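Turn these sequences into a full structure, and let the hints steer you where they fit.
Per our numbering, numbering of the sequence shown is gapless, rising by one per residue and ending at 1059.
In short, the hints are calculated from the structure, not lab data.
Since this is a predicted model, take the numbers as computed values, not measurements.
Where a beta carbon is used, it is the ideal one built from N, C-alpha and C, also for glycine.
Check the hints yourself; a few may be wrong.
Stated by the list, open to error - Per label pair, the in silico range of CB-to-CB distance: (1) 1043 / 1007: 23 to 29 angstroms; (2) 996 / 919: 24 to 30 angstroms; (3) 945 / 914: 46 to 52 angstroms.
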Amino acid sequence: MMPLNILSHSIVKETTIQHGQLTGCRATTTRTIKPAGNPQATSSPCPPLPQDFLWAGNGIFRSITRTEFRAVALYHRVSTPGLIELSPQFQLLVSPVPREKVKDIIAEILRYPDLEQLFYLYWRGEGWEVFKPEQECTPYSCVCLDPYPEPAAIEIHSHGHANAFFSNTDNREETGCRISTVFGRTNQQLEVTSRVCIHGLFLNIDSNRIYQDINHYCHHVTDF
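Here it is, written out as C-alpha cells:
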C-alpha cells in the first residue's frame, strides 16, 4: 500500500465494518406493491420478486441502502396499470467529501497527468478517508495490486488526457454496490462524471452531490 503525505493512508484491514457493509449494501424494501386508485384491491397481480426489487406502474426497480447512501434504479421498463409509478432516486446519507480532500485528490491526479490512477474512499463514522492503493498505472489502465482490497463506498479513477467516461471495461467490472467517479482531460479543463453502481445497474448522478465544490475545479459531464 502506498502512503501519501497529502492523503490519508491509515487504512487497516482489521477495521470493524458494520453489518451489511462487507458486501456493500442491503435491501431496503421487500416486494412493495401499492395499488393506486383502487381501494378494493386486496391482492397483487405481480409474481413474487427478489427482496430488493420493486414492481411499480412504470417498471421494475432495484432499491439498495448502505451506510453512505440509498438509491433506486430502473431494472426493467414495463407498464402495470393500477400500481404507483416510481422514478430513479439517489440520496447521500452522510456528509459530502469535503473540499480539502477533493483538492488533494485532484492535486494527486495532476501530479501524474499522463497516467490512469485509482483511489478508494471510505466513510469512517465521522468523515471520509481517502486512500490510494499500491497500483500499476499506464496511460490506459490502472490495476490495484492488492487482491483483496477493503470494499470502498466510492471508487475514483482517472483517465489521463482522455475524456471522463465509463468504459465497457468499467461496465463489466462494476458489479457491486458503490459510487464510481471518473476524472479526465488532465491536460485541459478537468472533467468529472459520477454514477451509482447497483449490482450491474447504473444511475448517473451529479458529482457535486458527492464532492463539495467539485464544480469549482472540474467541468461535470453526464455520461450516457
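Results of checking the hints against the structure:
A hinted range of 23 to 29 angstroms holds for the C-beta pair residue 1043 and residue 1007, which are about 28 angstroms apart. Checking the proposed 24 to 30 angstroms range against residue 996 and residue 919 shows it is violated: the Cβ atoms sit about 46 angstroms from each other. Between residue 945 and residue 914, the C-beta spacing of about 48 angstroms keeps the proposed range 46 to 52 angstroms intact.
The structure fails hint 2 only (numbered hints given earlier).
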